[in-house]
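A.B. asks: Construct the complete structure from the given sequences, taking the supplied hints into account.
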Amino acid sequence: DAKTTQPPSMDCAEGRAANLPCNHSTISGNEYVYWYRQIHSQGPQYIIHGLKNNETNEMASLIITEDRKSSTLILPHATLRDTAVYYCIVKTSGTYKYIFGTGTRLKVLA
Amino acid sequence: GAVVSQHPSWVICKSGTSVKIECRSLDFQATTMFWYRQFPKQSLMLMATSNEGSKATYEQGVEKDKFLINHASLTLSTLTVTSAHPEDSSFYICSARHPTGGYTEAFFGQGTRLTVV
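Protein sequence lines correspond, in order, to chains A and B. Counting along the first sequence from 1, when you hit position 109 you're at 109 in this note's numbering, and nothing is skipped either side. Counting along the second sequence from 1, when you hit position 7 you're at 7 in this note's numbering, and nothing is skipped either side.
Careful, some of the hints might be misleading.
What the hints assert, rightly or not - Listed next, with one range per pair, are the computed distances between beta-carbon atoms: (1) 53/A - 14/B: 50 to 56 Å; (2) 67/A - 83/B: 49 to 55 Å; (3) 16/A - 40/B: 28 to 34 Å; (4) 77/A - 102/B: 25 to 31 Å; (5) 117/B - 53/A: 48 to 54 Å.
Calculated from the structure, these hints are not laboratory results. Glycine included, each C-beta is placed from N, C-alpha and C at the ideal position.
C.D. replies: If you want it as structure tokens, here you go:
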């Protein structure tokens with residue numbers, strides 16, 4: 001599976017959009033981009049995934065660049081409860097054995 | 001989405017004893033489950049793949065005799081930490097693959113915090 005690179009930490013003001021970047025320059029054609037988050041002392045929670053088109057669900061939006069070498073997770077109106085470590089994972093659809101990187105620790109500030 | 005539950009959520013045990021952690025898929029059958037370990041301020045590290053009805057597959061560097069994995073049914077995998085020592089204190093997390101093609105993501109349990117004293 002391709003390796004991902006994320007900034008170690010970010011701050012975001014409550015109510016503002018949080019934009020979390022992820023680099024995956026070695027992604028291959030059949031690999032998807034998945035985002036999970038881990039709130040302190042809990043298991044990872046699935047957020048969203050995509051292949052090449054932008055995706056949106058009730059939690060977030062995922063913007064994937066045209067060359068698919070990077071992506072951005074957008075939390076449109078961050079709340080204090082969005083404070084967590086966010087992981088970007090690249091994998092094929094048939095892979096369930098995840099390799100977690102270091103993730104981005106997002107702190108939402110009141 | 002599908003629900004994966006771990007039990008217990010936290011456990012304290014004495015050094016030298018063994019402790020069992022359960023991972024259950026509550027509303028689906030999981031032929032494959034995965035076990036991860038997470039030390040404080042670190043990322044999740046995959047320990048092993050648990051396959052129903054067959055032996056687990058361990059990642060390099062994980063002692064299979066110390067971390068016993070049993071996947072005896074389609075809804076339950078157990079991880080037993082044998083002869084636990086303080087350095088085994090960690091957050092243990094399981095995940096499961098949903099059998100239908102509609103889900104391509106794995107579902108994670110809430111984790112079990114093990115403290116060995």
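A.B. asks: For this structure, which hints from the list above don't hold up?
C.D. replies: none
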